[in-house]
Structure formats: structure tokens, C-alpha cells
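Novice: For reference, the chains in residue letters:
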Amino acid sequence: MNVRTSSAALAAALAAAVPAAAQDAFDWRQHEGATVEALMPEGPFLDAALPVIEEFEAATGITVELEQLPEAQAWDKIRVEMQAGSDEIDLYIGQIDRFGAQFSANGWYEDLLPFIENPALTSPEFDWEDFREPSRTVSTIGGQVVGIPIDRPGGPVLVYRRDLLEANGIAVPTTLEELEAAARAIHEATGIPGMVLRGSGAPATSQFANVLHEFGGRWEDAAGNPTVNTREAVAAFDWWGRMLRETGNPNATTFGFPEVVSEFVSGNAAFGMDGALAVPAVINDPATSQVAGEVGYMAIPNGPGGPAVRETDPCRTIGPFAVSINPFSEDKEAAWLLAQWLVSKDAQVDLLLTGRLVARASAAESDRFLSDPAVTAEQEYWDAVLEASSFCYPTVGNAPPSITDVGRAREIVGQVIVASILGQDVQAAADQAQAELEALKASQ
Amino acid sequence: MTSVDLAAEAAADLAHPPLRGPRRARLFAWLMAGPASLVMLAIMVYPLTNLLLLSLRDYDGASVTAYQWVGLANYEAMLADPRFWAALRRTLAYCLLSVTASLALGTLMAFVVNRRFRGVTVLRTVFILPMVAMPVASALVFEAMMNPNQGILNQMLEAAGLPPYTWLAHPGSALLSLVVLEVWMGAPFVMLIVLAGLQSMPQEPLEAARIDGATPLQALWFVTLPMLRSALATAVLFKLIDTLKQFATIWVLTEGGPLRSTETLYVYGYALAFQFFDVGYGAAILMALLVLVLFVSLLWMRVRERAWV
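Residue numbers (this note's numbering), protein chains in the order written: chain E, 1268 to 1711; chain D, 110 to 418.
There's no promise every hint is true.
[Said to hold, decoys possible] Ranges between beta-carbon positions, derived for each pair:
{"no.": "1", "chain 1": "E", "residue 1": "N1492", "chain 2": "D", "residue 2": "P191", "range": "21 to 29 angstroms"}
{"no.": "2", "chain 1": "D", "residue 1": "V400", "chain 2": "E", "residue 2": "N1492", "range": "56 to 64 angstroms"}
{"no.": "3", "chain 1": "D", "residue 1": "G180", "chain 2": "E", "residue 2": "A1490", "range": "32 to 40 angstroms"}
{"no.": "4", "chain 1": "E", "residue 1": "E1321", "chain 2": "D", "residue 2": "T209", "range": "57 to 65 angstroms"}
{"no.": "5", "chain 1": "E", "residue 1": "N1492", "chain 2": "D", "residue 2": "G281", "range": "51 to 59 angstroms"}
{"no.": "6", "chain 1": "D", "residue 1": "M265", "chain 2": "E", "residue 2": "V1549", "range": "24 to 32 angstroms"}
{"no.": "7", "chain 1": "E", "residue 1": "A1339", "chain 2": "D", "residue 2": "G180", "range": "43 to 51 angstroms"}
[To be verified] Computed list of chain E residues with no C-beta within reach of chain D, every gap over 10 angstroms:
{"no.": "8", "residue": "E1445"}
{"no.": "9", "residue": "T1555"}
{"no.": "10", "residue": "N1569"}
{"no.": "11", "residue": "E1654"}
{"no.": "12", "residue": "V1685"}
To be clear, the hints were calculated from the coordinates, so they are not data collected in a lab. Virtual Cβ for every residue (Gly too), placed ideally from N, Cα, C.
Turn these sequences into a full structure, and let the hints steer you where they fit.
Specialist: See below:
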């Protein structure tokens, strides 16, 4: 896929769509003097938000009091504040697949749709339609817009060592079956592990979801009943464990994303697949990676489910981060103004240029993005990411989405992944997980 | 101070003559102990009471509705929960293995550094170091060392021509690997206590034994070790409490995995309360741990009183 397609035409269309007069007409200073308390987890979104907040304060006369916490603590704090019905936070960045079901059931989200539809509160530049589907659908629960999506977790990208493939006369695989054969061949020929993936239980589930999908498996059926012990699911669990155990990583049960990255950048894997791994700044920079310059990227190859799986039922990845507003807040309108700035078209291009896929469709088509030298230098990466995101979209769930206790569900599914890596009976482990998930669902 | 105040004070003095003798001493003692006691109340009794109250509630941190009193329901659920019993067995196994090995190694280290030789001071310092290191930092270092592919432990095994060990990666070896770290951290403490015992020990009985023709091994077994009973018993008590309550290193290294093979009571209670937000049930599990620690400590002190001292 070529990301340069019709950029000029699009830029022109965008310019026409937002008349200068309309921008001027919107009153950004309507809440001058107000204070917005914002809570954000540390990480790329916070880093991107800091300059935006500064501009926002200058342009609106609103003061932003920002609380920054490590991710896990931020999630705990948000939960505790909501439970207490506290107005201490007005706006926060959260993760919809982590909170969505529970928060929505408890009435802990302010519905943003009335804000979006109110021209007195929403700048014409905002353009809700620009947030690419299905991000908008994912952010809408029970008819309420519970958050404005920021990013768009990428589809799975497979990274590989070009040098190892060439030296061993192996072609770039086009299916998961070929991938397994290639990983085995390289491991047998060189002793280098063929594949690195997450293996430490719960953290592996978000990455495993993609392979589950390619095998034609699903977390649950249409009625919301868990389906983790079907033939397809068991085959997917089995593949995941086999890829690690039999191609040189039998001890991967301790691997979370830091280990996956560290194994790959130190040259200990021919292939790797992980959301945290497919980042050129990490694996293709000689300062951080011993394999810089030898890395190839491609969208996840087709599994036994074939290409049809992607067309009929797009695969699932983890849900997006999103800006939400506390329903107990006393400054919702001022908070909404801040929300608009945090996901403005400009802010989204800035974020995209850091290597994160963003929610707005216009960002990847903007001139600023297409002409950036860092983008043209990593064209293969961007092509792979955009291709993967064309068939893989963010939707709820790195465990059966109907189960509201996501933490426990992930832990249960994670046990099957570990059992598979250890070479235990995968069907038995999947049956056990199925029973535990059913009990968990029945108890909610 | 105004004259009115002075007059009032004088009147009060007349009505209540200054305290003398034992009453005064008692009041003074209470005054001195008061502030510290209040602080103790605040930091010990309040959290414990709160934990107990939490354990009697259906407190689901992920929901607005459930914050109900449920009496002993959490405890009933606990007794019927196979994961609780498995965690209890693991806690005891981890504790017994760690304490036994720490005791043996620590005592051996104490005997080594009790001798006089060049460099003994340096050796003593080196032996103490693991005790001063922060548990989380130590755990991170062990995590790197036990890494199955790049860790130095497996590289050493490989260099010696041995197959790599699974360390934390396999349910069959993960708990033992945690015991290794616990012993590494715990043996220096035993060494310190035993060394103090050795150095304050009267030498006459040993000399008498030697004169009577006891071999060094006999002297150790029949004279030295019995005289160290009290020191050893103290060391065991502290290590029992320490290892039953160990959380930081286990959480950093395995979070209870793989396949829950290192999930001790503390780890299970923590995961329930802070990962699954089942705060009430998590509190019940941690209450059970508290009772276990108390029970084991009291039992040990009773055994020690009856049998040894």
C-alpha cells in the first residue's frame, strides 16, 4: 500500500472543509478563568499532550492542573475516584477495553455526544466523522460516546531478520504455516531461536488475540459465551506454544513485552511479533539494537482461516486510549474544550509522527506526515503498519469481551498460553479455562 | 502569663497538691509512653481493624453497587477455594525450605567468619551485603541472572558442560528459584545472630571437651550447637515471620506464575485485591496469612520454651 495516495487532493479537501471564518467564529475563551483537573497515565500520550496543554492554556485562558501517574496507578486512581463519585478529576485518558463495560454499567462516563452535537461547545474543526471507523463504534457504548479515541492500536506486524532469511535461502513467509517452517529451519540451521513472542500468561493475551483470529477462533460466540476451547482456538493456542517451545524458546513463560524486545534487539530471534516490537525507533536504531539495518516488516501472514477471516470478520486488537470526562465533574464544558485540543488534527499528526497510529483518518494523509523524512526513511514499516490496520481494527477485547472482569479473564486465558508453551495438554488447559470463564461470566 | 493565670494555677495547686511517689511515677510513665503509643495505635491497630472489616464485606472495587456486609461469607468461600489451599501449601513449602536452608548456610558462614584469618573483616562485609540490598533490586538482578537464554547462571552451566536450567520459566523449578533468592537474602541475618552467639560463648566447655578427647565434630555437635540453641531459635523465629510474609521478590520475579506455581497466600491476596478488585475476598486471604504468621510464631515460641530453654 502506498501512503502517498491522493495526499494533495485530500489536503485541498480538508482546507475547503474548514473555512477560516468558522474557526474564528468559535469562542475558545468561553470558559476563561476555569480550572480543569486532568489525570493522564505516563507514556507517549502524556508526552504528546504536554505541549498541547500549554497551547490550550494560552488560547483559552483555562488553567489545566495535570496529574501524571504510572499507568497501573492511574487506572486505580480513576476507578477509586469514580467509585467515590468524586469531582476531583474532570478529564482523563483511559483505555476503553479496560474500563468500558464496567464504567458504562456504573454510569461513570459522561456522554459526549450532546457536546459533539452542540455547535456552541464544539469547534467546527473537530469533525467527529474524521475519527476512522470502527474507532467511533468502539467508543460508543449503549448509544453514549464514552470517550474520544486518541490512537488506533495497530494491526499485528511481523518483524523479521532479513539477513538470516537471505543467508538461509528462506523466502518471506506468506502464511503462518510457512512462518513456522521458516522459524524451524533457521533455528535448526543457526541455533538462533526462530520466533519470539510473549509467554507470561495474562500479558500475552492481547498479542495472542491476533493469532486466534487468523486461525478462525473467537473469544466468544454471538451470544457472548466464551469459546476458548473450540477446535480453532485450541489450534491457535497450540501454534503459539509450539512456535516458542520448538524453535528455541522453551522458557518463554517469563516473557512479557520487555523480554520480547530485548531478545529481538540482541539478535536472539529470527522473527518476532508484538505490539511493542514493531517500532523502528527501538529495533532499527543502532543505539538500541544490534540488528539495526537488518529488520524487515510485514503485516501478519494469513493463518489457516485464510484471507476470508479478515474480510468477513475483522480481527481484534486491544481497544484505543481515549479522552473521557468524569460525569461528576463540575467543569465539564471547560474539560470538553480541552478534549478537543488533545485530539485536534494537528495534535494527531504530531502523535502519528512519533510512530503511533492515531484515530483520525486525516493524519496519515496529511502533507506534514507524508513529507516527513523519518516516514520516507521507514517506508516498509509504514506500509506494513497501514496494511495491517486496514484489516485489523481496534475493538473491545483481549479476553472474552462480555466478561466485565477483564483482569481475571486475561489471567485465566493466560494459563492456556503458558500450558501450551510448557508442552502440556492444550485441550485440557483450554477446557479448564473455558469452565473458569463460564463460571466468571455467570457470577457477574 | 497574666496574673489571673498565675492566680488560677496557684488555686489549682492548692486543690490538687503536686503528685508524689509511685502515682507521680506512673503518670510520668504514661506521659512518656503516650505519644509513641498513639502512633502505634494509628499505624498498627487502624489498618488491622480496617483489614478485618474489609474482609467482612463484599467490596468489589470495580462496581458501585457492592459494598455490603456479608459476615463470614468471604471466609466460607476461602475454605472452599482450592486456589487458597494450594497457595497455603506453597506458602508453607516456601517458608520451610527457605528457613531450613538459610539456617544451615547462615550457621556455616558464621563458623567461617568466626575464625581469625587474613581478610576475615572483608569477608564478613561481603557476607552481610545481601541483607542490606533492597529486595526489589535484588529480585531484578536475579531476574536477569536467571533469564533462560541470556542469564549468567545458564551461561555458567553451559560453560561447565551442563544443560540449561529452567529457573523461573517452569512450574517445577520456579518456587525453588525463589527459595534460592530468599536464602541468599536471609542467610546473612542468620549468620549475624549465630556469630554474635559464637562470640559471646564461654570457651571453657569447649576446652574441657577438647581435653577430654572430643573430635572437632563431636565438640561442634555436643557442645557448640547446644550452646547456640537460643541464638538459633531467635534466628528461626525471625526468618519464619520474614519468609511467610515475603511478597516483593515473588511479585517482581513471577507474579505467582508460571501456571500459579509460585502463588503464595500474600501474592494471591494481593492479586485478588489489586488486580481483580475483589477487595473483600483479598482482605480475607490476607487475614488468613496474618493468622498463619501469628500461629506459627506462637507455636515456635512455645516449642522453644518447652524444649530448649
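Novice: A separate judgement is required for each hint: does it hold in the structure or not?
Specialist: Against the structure, the hints come out as follows:
Distance hint check: the CB atoms of N1492/E and P191/D are about 24 angstroms apart, consistent with the given range 21 to 29 angstroms. The beta-carbon spacing between V400/D and N1492/E, approximately 40 angstroms, falls outside the hinted interval of 56 to 64 angstroms. The hinted window of 32 to 40 angstroms between G180/D and A1490/E holds, with their beta carbons roughly 36 angstroms apart. Take E1321/E and T209/D: their Cβ atoms lie about 60 angstroms apart, and the range 57 to 65 angstroms holds.
Taking 51 to 59 angstroms as the suggested C-beta distance range, the pair N1492/E and G281/D does not conform, at roughly 34 angstroms. Under the hint 24 to 32 angstroms, the C-beta atoms of M265/D and V1549/E, about 30 angstroms apart, fit the expected range. A C-beta distance of roughly 32 angstroms is found between A1339/E and G180/D, which places it outside the suggested range of 43 to 51 angstroms. Against chain D, the non-interface label of E1445/E holds: every CB pair exceeds 10 angstroms, the least being about 25 angstroms.
The claim that T1555/E lies off the interface holds: its Cβ sits roughly 16 angstroms from the closest Cβ of chain D, which is beyond the 10 angstroms cut-off. Every C-beta of chain D lies more than 10 angstroms from that of N1569/E, the closest at about 30 angstroms, which supports listing it as non-interface. Every CB of chain D is more than 10 angstroms from the CB of E1654/E (nearest about 31 angstroms), matching its label as outside the interface. With a least beta-carbon separation of about 5 angstroms from chain D, V1685/E fails to lie farther than 10 angstroms from that chain, contradicting its non-interface assignment.
Hints 2, 5, 7 and 12, counting from the list given before, are not met by this structure.
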